[in-house]
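Going down the list, the sequences are from chains A and B.
Under this note's numbering, the first sequence has 47 at position 47, and the numbering climbs by one with no breaks.
Under this note's numbering, the second sequence has 170 at position 170, and the numbering climbs by one with no breaks.
Incorrect hints may appear among the rest.
Beta-carbon label-pair distances, calculated as ranges [as the list claims (entries may be wrong)]:
(1) B:N199 / A:G11: 50 to 58 Å
(2) B:P141 / A:E32: 52 to 60 Å
(3) A:E172 / B:M1: 29 to 37 Å
DSSO-like, lysine-lysine: derived pairs with alpha carbons at most 27 Å apart [stated by the list, open to error]:
(4) B:K91 / A:K249
(5) A:K10 / A:K51
(6) B:K128 / A:K166
Far from chain B by the CB rule (all over 12 Å, computed), these chain A residues [what the hints assert, rightly or not]:
(7) G11
(8) R116
(9) N126
(10) S182
No lab work stands behind these hints: they were computed from the structure.
Since this is a predicted model, take the numbers as computed values, not measurements.
Heads up, the beta-carbon is just placed ideally off N, CA and C, and yes, glycines get one too.
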Amino acid sequence: MAMVPILDVKGLTKIFGDGCHLCSQSTGPEYETNVCRHCGSIVACSDVSFKLYPGEILGIVGESGSGKSTVVKLLHFDWDATSGEVFIQSTSMDKSININGKNLFARSPYQKRQIRNLFMGIVYQNPHLGLRMDVSSGGNIAERLITANWRSIAMMRGRASELLEKTEIPVERMDEPPANFSGGMQQRVQIAKALSNNPLILFLDEVTTGLDVSVQARVLDLIRNLQSELNLSMIIVSHDLGVIRLLTKRTIVMKYGRIVEAGLTDQILEDPQHPYTQLLVSSQL
Amino acid sequence: MLKADNLSKVFNIHLIGDKVIKGCNGVSFIVDRGEFLGISGPSGAGKSTILKCIYRTYLPTGGDIRYDSVLYGQVNLATIADHMVISIRHKEIGYISQFLKVIPRVSAVDIVAEPLLLKNGVSPEEAKTKAGELLERLNIPRKLFDAYPATFSGGEQQRVNIARAIIWKPRLLLLDEPTASLDRDSTAIVVELLKELRNEGTSMVGIFHDNELMKSITDRAYRMNPETEYAE
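Sequences and hints are given; from them, build the entire structure.
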C-alpha cells in the first residue's frame, strides 16, 4: 500500500537580495548565519524538501528567522520562490482545475490564485493579515467563498454561520467586524475563513502565539477536533514544542533556512539527533 | 513476525560535550506470531531502549528490526519512512508506556476510544461503548469516564493507558512495565486482559519488573546483560 503524498515539496529556496552562486554554500547551520558572506543576500530557506500525506498534520519548528514561516508563505504563493518545485495531488473530481503532476510554481499568477482559492487555506499569526478588520465576519468568509466561485448570498450566509458555529463564534455576531472581537475570537474567525472553501491543505502559521493560555488551549482543541472530523491535511508552523507535541505526528526542525532534522514527533522529542534539536528540546520548560 | 538483528542504540548528547551513552548493543531475538517474549535484565541494561527502537521513538544506531507487516510486507522498522511507521502504529503495533502521557482536555473514554477510530471500521458511538466496557472491566468508576485523566490517581491513569493500548487489539504489542504502578487486584485484571488478547492472536514483547509475573505470562525471556547483552 503505497501512500501518495498530497503535497510534495522539492528543493524550496528563497533568497532575498540579488543572490550569487555562493549564497547556498556560505549560509546555513554550519556557518551560523543566513546572510551570504559574498553578496549580502538573505537566504530565508534553502533546499527544503518534504512530503505531506493525506490527513496528516506536519509540524515545522525552529527559532525566529529559521525560515519556517517562509516555507508556508512560499507554498501559499504569498511570495515567489527563488527556486524549487511543489506538487499537489488532488483526488477530488469537482475542482475545476487540474493540478496533478505539474510544478505549481511554474503556473501563471492567475492559476496560482485559482489553486490557492480552491485548494488551500491559511491562518496567520496576525489576524490582520488574514482578515479585513472592518468588514463583517460573515463578509470575510463570503469574500473567500466568492473567490472559490460561490455566488448565492443565501448559501454563503448559510455556510458562514455553519463555519462560525463550528469555530465556536456566536452566530448572532456574524455581522460584526473582527475588529470588535478578542484575539482568540479573531483567530477562530480566521480559521472559519480558511476552512470555508473545504481546502485540501491548511497552513497554520504560529496561530496560538500571543494568545493567553486558556484561549490558546481552546484554539488548539478546535484545530484538533477539526482535523479528526474533516481529516484535513495541515502544516503547522510553531516555535512551541507543546503545540507540536499536541497536534503533530511528524515534525521538521529548521535552523538558518535549512532542515536540520525531520522525523516522528515523539522521536524528535525523545531522541533528538541534531545539536540544535537537542538544545530546543532541553530548553522546554 | 519480528526479528531484531544485532540492534544497537547509542545516544550522542551534543550539549554535554558530545557525551556518548550506550543504550543497547548487539541485541538479537525473534518473536514468532502469537508469541509473548519477555525482556529481562537489571535496571539500565537497555530494556526500554529496545522497545522504543522497535516503536521508533528512538532511532536505532545500528542493526535491523525486521517486521512482517500486513500493510507493507517485510519491512525494516529501523529504516522505513516515517509516514509508514505512523500507519503501522495506527493499524498494527501498539505500545504501553509506564505512565500515561495525558492528552489535555480529552475525556478518559475518548482517549481510550481514539485508537479504535484510527484503526477505522467502527462508528464513534461504537468505539465509545467499547471504551466504556473496557474501562469498566479495569474498575474505573463510571463517573470518571467523562473526566480528564490529568486529575486521576497514578493507578487510574495507568489503567486508562492500558485500555488505550489494548482496545484496538494490535497485531504486536510492546509493553514497558505496564503494571509497575498498579496494585495486586488491578495487576490481576490486566494480566487476564493480556492473556485474552494473546488468545486472540496478538504477539507481544514485554518488560516487567516482577519476575514471577513475567514468568507466568511470557513464553520465553530474552536476558540482557548491561555489558555484553546475550540471550539465554
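We went through each hint and held it up to the structure:
The hinted window of 50 to 58 Å between N199 of chain B and G11 of chain A holds, with their beta carbons roughly 52 Å apart. The hint said 52 to 60 Å for the Cβ distance between P141 of chain B and E32 of chain A, and at roughly 56 Å that hint holds. Under the hint 29 to 37 Å, the C-beta atoms of E172 of chain A and M1 of chain B, about 58 Å apart, miss the expected range. Between K91 of chain B and K249 of chain A the alpha-carbon distance is near 15 Å, which keeps this suggested pair within the 27 Å criterion.
Simply put, K10 of chain A and K51 of chain A have alpha-carbon atoms about 9 Å apart, close enough for the 27 Å limit, and the pair holds. Restraint check for K128 of chain B and K166 of chain A: satisfied, since their Cα atoms lie roughly 22 Å apart, inside the 27 Å limit. The Cβ of G11 of chain A lies farther than 12 Å from every Cβ of chain B, with a closest approach of about 19 Å, so its non-interface assignment holds. Under the 12 Å C-beta cut-off, the non-interface status given to R116 of chain A relative to chain B holds; the minimum distance is some 25 Å.
With a closest Cβ-Cβ approach of about 26 Å to chain B, N126 of chain A is found to remain outside the 12 Å limit, as its non-interface label requires. Residue placement check: S182 of chain A keeps its beta carbon more than 12 Å from all beta carbons of chain B (closest about 20 Å).
Violated hint: 3 only; the structure is consistent with all others.
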